[in-house]
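Colleague: Here's the letter readout for the chains.
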Amino acid sequence: MSSWIDGVMVVLILTNLALLGTSRITVCIRIIALQGVVLGTLPMLAGEEVTLRLALLTTATVLLKGVVFPWLLLRAMRKAEIQREVEPYVGYILSVMVGLLSLGGSVWLAQGLPLPGPMAGTLALPVALFMIFVGLFTICSRRKAISQILGYIVVENGMYAFGAVILDEVPTLVELGVLLDVFVAVFVMGVAIYHIRREFDHMDVDQLDTLKG
Amino acid sequence: MNEMAIFWLLLLLPTACAGLCLLLRSPQAIMRVVGAGALCQGAVGAAAALKVLRGGQAILSSNGWFNLDALSAFHLLVMMIVFSLSSLFAWGYFHEEMSEGQLRLRLARRFGALWFGSMAAMTLVLISNNLGILWVGIEATTLLTAFLICIHRTAASLEAMWKYLIICSVGVAFAFMGTLLVAASTAGVLPSDEALLWTRLVASAGQLNPMMLKAGFLFLLVGYGTKAGLAPMHTWLPDAHSQAPAPVSAMFSGFLLNSSLYCILRYLPIMEGGAGMAGWGPRLLLLFGLVSILVAAVFIYFQRDVKRLLAYSTVEHIGIMAVGVGLGGAGAAAAMFHMLNHSIAKSLTFFGAGRVGQHYETHEIGKIQGMLRSCPAWGAGLFAGVLALIGAAPFAIFMSEFQVLKAAAGSHSWWTLGLFLGGAGMVFMGALRHLIAMAWGDPSITRVQRTGWLEGAIVVVPCLALLALGIWMPQGLQDAVRQAAAVIAGGKP
Amino acid sequence: MNSLIHPLLALLLAPLLLGIINRTKALFAGRTGQPLLQAYFDLAKLLRKGAVYSETTTWVFRAGPIVGVAAPVVAIALIPFGGIPALLNFPGDLILFAYLFGLMRFMTVAAALDTGSAFEGMGASREVQFSALAEPALLLGLAALARLTGDLSLSGILGSLTPQDWAHAAPALALVTAGLLVVYLAENSRIPVDDPNTHLELTMIHEVMVLDHGGPDFGLILYGASLKLWALGAILTGVVLPFHDERLWPGIVIALGGMFGLAVFVGVVESSMARLRLLRVPQLLVAAMVLSALALVLLMR
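Chains as they are written, first to last, in the numbering used here: chain X, 2 to 214; chain Z, 1192 to 1684; chain L, 37 to 337.
To be clear, the hints were calculated from the coordinates, so they are not data collected in a lab.
Built from N, CA and C at the ideal position, the CB exists for glycine as well.
No false leads were mixed into what you were given.
To give a feel for the contact side, a few chain Z residues facing chain X, derived at Cβ under 8 Å:
(1) N1321
(2) V1327
(3) E1330
(4) A1346
(5) L1349
(6) A1351
(7) W1353
(8) L1356
(9) I1357
(10) V1361
(11) M1368
(12) S1376
(13) M1403
Extracted from the complex, chain X is given alone in its bound form (with noise of 0.2 Å):
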């Protein structure tokens, strides 16, 4: 089993990866589909045996994370007309390079960490740091507000993949209360873009910089 946890989380690791090297905002929302769809199988592999409760968690992952999400905001970037380009403030190499070196980094701190549990060895933990860095650094260094929504997403699954692999029984309220508040969120920030982009003309989060001091 925990060969196959392995494998998704390396799965995982290369979406963010990818996602920090994509120029396209249409292909970033892509990969993060990807990447919630990988991440609803988490639970299933996690867990013992098949049950009910996990199917619905993992059907809810799926349609929430792999085709809601999207959806959402690919109609987020269609009413606000948001061209397509990225715009980083940092390279799309050098943002891969940094991804690069948060996995180092993350691998190491985790070793500092060792889980207890039947899950001490999988990559739970590491990808989960990775995914919170790589997620906040997409929300640092690119420009466009829909970028933000993607960073927090991406932290938000980071913390996800841990919490799958190992908490498994959670009681499912809870679970669906997590999904609930992050799809929400989601849905809000869209919105948010919306009337954003209606008052300032663009999207560019540099220019949101009246209020300071």
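We have chain X already, so just place chains Z and L on it with the hints.
Modeller: Relative to chain X, chains Z and L alone:
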């Protein structure tokens, strides 16, 4: 009353009010529901809180999901005070805009629904015994309050809303990671469906994996600390507070931040109980608290906008609470008392700043002069409120800050004492400088603001309360504060 | 004595790889294509011809093709094949392996610059730029393999790799394979990095550097290139098909099958993909580097 009924009533009442606000057909009616609903909710919440605080016995629901102990009851009480005051004030604040037709029905509906919705979410945070649900509640407050900031849609308010949304969502996501790490620390100790129940975690804190707990607490402190406005994660706070309508700012400062700090406090007894970590968590909190006080002091001194000034003052006061809790013992009790005082005073000042700002049509300190003459009621309220906030003597905040100082001296933390005094002194000078400039001088507007009896009461009652608490602290309140502090110390789970 | 089998096979069969690739491409395009042995005919023809040297060139120009054959021959001597240990092996020989190609490249580039032609200078600059990105990918991939097997020589690495490694370190090995595959295509100037058949100087990389070589010199270059194709391919085959046998021939047959399969695969890639724009090539190579580095990180845990 059945214990489950209390919890469901606390949650469903605001939800029902939110639904009602969406159905009503006039802004006036919605504002009336906001006032009346908040009072009802206040009464229920206060009754539940008092029951716990009087009886000294926590109410734990039979399935273990809800828990109302002294700490949450005390927070609930403070929240009900802030909410009732803010809701009543909202009626007066939006009155002019409603009569001028600026506040459309759609916006009023949105305000009402989100207002009650965030109230329900915060109640959920306070009564939840499941740390996962706790997180869900905090994240929900972020999302529900985001659009409250830009009820008046301007470029600046949208900017503030976006910053609030992104910074707090990502920050609170960190807290989720922390929650997961804490849950991971229970591997082999607790059955996994109980891994997130606070009562179980506190009871078995000694056996949890200390490394996981430490890592988790770091994430939690940064995550919830972002929402609580601890420096250096406070950057969203002045923007959001300065752009939101005054009742929303009051609710943010008076309670939203407390509820996030409350989440950190919930984890302290687990940290303290963990093997070989006594004092580690509180010391970290203390550090963040001191940084917040000093950062806020600098920004207050050079501030030009009155609402931003109040926002930074909130950063300072959250810092003071963190310092108090970080000192532990008498400091924690002082911090709880301070929270009550700060919430009352900060609501009052935001009300005042909002109404004075409406009258002058600006929030710039340089353009507001002679407010005592042109806005007699709210000018005086703002004046008294800021005096209370900076720790002028007869008011209650002076007392609670003094108690925190005493706790610092008692534990021989001279550095803490010195930095706290330095920061508070700088805030005192800086804010007083701005306050005097605003209070006196020739008003640029000859028109005098008129206020009704309700608004008069909203000014007078908090002022009197602050004065009274500064001079005499009733026995019941002392007990409540002590009990809440005992929960933080892990004495009474 | 067995160790001599692989170098001999390589020296004999390397040009055949070019034939297989071309045949595969022809098949995909619906043509009959060249005979499989076309590369041998070409070599024979070129070696019979005389060479013309420009007056501006020096000995560097003539040394280029010779080093271009010598370097891969030494490299091949370092590689085990189908379970037979390599002719030469010592700890750390994988660095020598990587930099033999560095030497070969340096001499080719120097020879190209020696002509003073603008086109060849341009090709040289591209070659150096891209190989600067491909080299870390190759080294990181080899480092990951060294880490996995705990050995520092190519013989040790490929000799101790077993099918069980694929079972328990599948993600890392898959990443190394992907990374090495990109390096393989890039180093051998194949599509999607470079098109060996192009005749537009502006877009060429490797081919443009050798425009001024003729006769035996060009023959040597062609032969050197096919040896390089063999050498890197042998590493890839060794990683993907780590079957060892007590007996001699099954291992060799499997390894040869792998080599020819790889050539067919290259043909398929060349038929189904277009060459990348020059601007995108560095991205592909960085991706290869990322894959190798990721494998190393996974194995370092």
